[in-house]
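Take the given structure of chain A and dock chain B to it, following the hints.
Going down the list, the protein sequences come from chains A and B.
With our numbering applied, the first sequence corresponds to residues 101 to 359, in that order.
With our numbering applied, the second sequence corresponds to residues 101 to 359, in that order.
These aren't lab readings, by the way, just hints derived from the structure by calculation.
All of these numbers come straight from a predicted model, not from anything done at the bench.
Glycine included, each C-beta is placed from N, C-alpha and C at the ideal position.
A few of these clues could be false.
[As the list claims (entries may be wrong)] A short list of chain A residues far from chain B (calculated; beta carbon distances all over 10 Å):
#: 1; residue: T165
#: 2; residue: E193
#: 3; residue: C223
#: 4; residue: R225
#: 5; residue: V235
#: 6; residue: R270
[To be verified] Distance windows between CB atoms, simulated:
#: 7; chain 1: B; residue 1: E205; chain 2: A; residue 2: A249; range: 25 to 31 Å
#: 8; chain 1: B; residue 1: D222; chain 2: A; residue 2: G331; range: 36 to 42 Å
#: 9; chain 1: A; residue 1: P211; chain 2: B; residue 2: R229; range: 29 to 35 Å
#: 10; chain 1: B; residue 1: E205; chain 2: A; residue 2: A143; range: 49 to 55 Å
#: 11; chain 1: B; residue 1: R357; chain 2: A; residue 2: E221; range: 42 to 48 Å
#: 12; chain 1: A; residue 1: A143; chain 2: B; residue 2: S230; range: 36 to 42 Å
#: 13; chain 1: B; residue 1: L298; chain 2: A; residue 2: A189; range: 45 to 51 Å
#: 14; chain 1: B; residue 1: Q252; chain 2: A; residue 2: R270; range: 44 to 50 Å
#: 15; chain 1: A; residue 1: P219; chain 2: B; residue 2: G213; range: 30 to 36 Å
#: 16; chain 1: B; residue 1: T202; chain 2: A; residue 2: A189; range: 26 to 32 Å
#: 17; chain 1: A; residue 1: D160; chain 2: B; residue 2: D344; range: 42 to 48 Å
#: 18; chain 1: B; residue 1: A240; chain 2: A; residue 2: R270; range: 47 to 53 Å
There are 2 protein chains.
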Amino acid sequence: MSAAAEPGTSSRHVVEIDPTWAVGGKPHGGYLLREAVALALDADHPHPMAVSAHYVSSPDAGSATVDVERVRTGRRVASSRVRLSQDGAARMEVLVSAGTWTDAEPFWTGPYGPPAMPPVEDCPRLPPRSPTGTVVGYFAHVDARLDPASAQWAEGKPQGVAEVRGWMRRDDELPSSPLDLLVFCDAMPPVTFDLGVLGWVPTLELTVHVRGLPAPGWLRVVQRARMLRDGWLDEECEVWDSTDRMVAQARQLAGYRVS
Amino acid sequence: MSAAAEPGTSSRHVVEIDPTWAVGGKPHGGYLLREAVALALDADHPHPMAVSAHYVSSPDAGSATVDVERVRTGRRVASSRVRLSQDGAARMEVLVSAGTWTDAEPFWTGPYGPPAMPPVEDCPRLPPRSPTGTVVGYFAHVDARLDPASAQWAEGKPQGVAEVRGWMRRDDELPSSPLDLLVFCDAMPPVTFDLGVLGWVPTLELTVHVRGLPAPGWLRVVQRARMLRDGWLDEECEVWDSTDRMVAQARQLAGYRVS
Chain A
101 MSAAAEPGTS SRHVVEIDPT WAVGGKPHGG YLLREAVALA LDADHPHPMA
151 VSAHYVSSPD AGSATVDVER VRTGRRVASS RVRLSQDGAA RMEVLVSAGT
201 WTDAEPFWTG PYGPPAMPPV EDCPRLPPRS PTGTVVGYFA HVDARLDPAS
251 AQWAEGKPQG VAEVRGWMRR DDELPSSPLD LLVFCDAMPP VTFDLGVLGW
301 VPTLELTVHV RGLPAPGWLR VVQRARMLRD GWLDEECEVW DSTDRMVAQA
351 RQLAGYRVS
Chain B
101 MSAAAEPGTS SRHVVEIDPT WAVGGKPHGG YLLREAVALA LDADHPHPMA
151 VSAHYVSSPD AGSATVDVER VRTGRRVASS RVRLSQDGAA RMEVLVSAGT
201 WTDAEPFWTG PYGPPAMPPV EDCPRLPPRS PTGTVVGYFA HVDARLDPAS
251 AQWAEGKPQG VAEVRGWMRR DDELPSSPLD LLVFCDAMPP VTFDLGVLGW
301 VPTLELTVHV RGLPAPGWLR VVQRARMLRD GWLDEECEVW DSTDRMVAQA
351 RQLAGYRVS
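Okay, chain A solo, but in the shape it has when bound (with noise of 0.2 Å):
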């Protein structure tokens, strides 16, 4: 991690796209988004705060250019812009405020607490390839375990809920970072699946606020729909860490096709 940029440094980066983390073919976008962030973070704002990723068009395997560039270097908060390129066109513009967390007690919690499951030993691994064939290639790195009562659709009984509730963290059981909450955010199996609407969900935008700290141990990860209008669904995602805190919230607009 680089000292504190200066505003209006630009710096251009070549990052190997790992096809380990593919979904279908394509790199998955958490683990994108936390590749491009990392690399907005110095040694006085180590931690994402604030994060908005548009999805412009999906880039492949391989190399890839980050451009980033430090927009404003304040004492609590940097900010910067952040460009995905491949092939001389933008893949992902995201949007950097980055800052400091601690693991200090909240100043004031709402009455909601972490999403009740089973104990993790009752929750079956996500495979990196789906009874259907598909290669979900990030399951291989991220060791989601989920709620078998949230997982009816896998049985062929979705419940209408759309709601995936379930465990996570890193498959080489390293302590989870501020960056991974970005890749959890983003690891749930589309909710559309509990309402009969399968295929592709394309993320469009994913803002992650991280909120804390997260404590040593397994997260637990909840992600909702409120509404599918036009083509498009919202998708709510919190991640509460191992002293029931919540150390993420994040949500998306995807795209969804009923056939």
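Chain B only, in chain A's frame:
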């Protein structure tokens, strides 16, 4: 509104930031957003879909520059990068995904409806000058009527709930456009008032997802917080139209200070 821009097209606009929208001398964030995003729309992509704003440093009323770069022009979605500058420094960075919304029935909605509140005639209008003398200029442009039950902090009786509800429309009574929703998603008084935390709550990041064309008539707006931690809170906003459809969802990360 101009014809669809080619990718890579950049345009520079001089805008006048209207002093009558200011809050305590600083321009209203939702107003700035509406003015900037309008410049990223075109005839084939007339509505904001997902808009992500990072507030870098507050501008003053008066002249400002808006640079719009069209990143991609697709059939359904046009993606743009927008910067509002003043005195040579970036003040607000925005990513805009634009497209077309309809007034079609949703395909699916969750079990949550619009917030319950008394009829508009039982909700007092928020004045453009607060009881403590602060000028909240945008309340001359936005006709906002708060549910008194969610505004007991105004009587010195914060309830500790961190939810504010009310009715909104344009003061000129013109129908609300999708662009107006960007204003309404940042127009509620800070929910921190209900926690006894007074003082200014500056927005760091605000993302708005427009979800459909608003029907004519009053809109209902509800804003809530989930957690205050490390000096930052979330404010979640929903806008519902007169046909009980949710037409916008927003969340911001904003600063608070406990004195």
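So, going through the hints one by one against the coordinates:
1. T165: Check passes; 14 Å lies beyond 10 Å.
2. E193: violated (5 Å)
3. C223: holds (23 Å)
4. R225: holds (28 Å)
5. V235: With a cut-off of 10 Å, V235 of chain A remains clear of chain B, as the shortest Cβ separation is near 26 Å.
6. R270: Consistent with the label, R270 of chain A stays out of reach of chain B, its closest Cβ about 23 Å off (over 10 Å).
7. B:E205 <-> A:A249: 25 to 31 Å: For E205 of chain B and A249 of chain A the Cβ distance comes to about 29 Å; the hint holds.
8. B:D222 <-> A:G331: 36 to 42 Å: holds (38 Å)
9. A:P211 <-> B:R229: 29 to 35 Å: Given about 34 Å between the Cβ atoms, the range holds.
10. B:E205 <-> A:A143: 49 to 55 Å: holds (52 Å)
11. B:R357 <-> A:E221: 42 to 48 Å: holds (44 Å)
12. A:A143 <-> B:S230: 36 to 42 Å: holds (41 Å)
13. B:L298 <-> A:A189: 45 to 51 Å: Distance hint for L298 of chain B, A189 of chain A holds at roughly 48 Å.
14. B:Q252 <-> A:R270: 44 to 50 Å: holds (45 Å)
15. A:P219 <-> B:G213: 30 to 36 Å: Holds: the Cβ-Cβ distance is about 34 Å, inside 30 to 36 Å.
16. B:T202 <-> A:A189: 26 to 32 Å: holds (29 Å)
17. A:D160 <-> B:D344: 42 to 48 Å: holds (44 Å)
18. B:A240 <-> A:R270: 47 to 53 Å: holds (52 Å)
Against the hints set out earlier in the document, a violation occurs for number 2 only.
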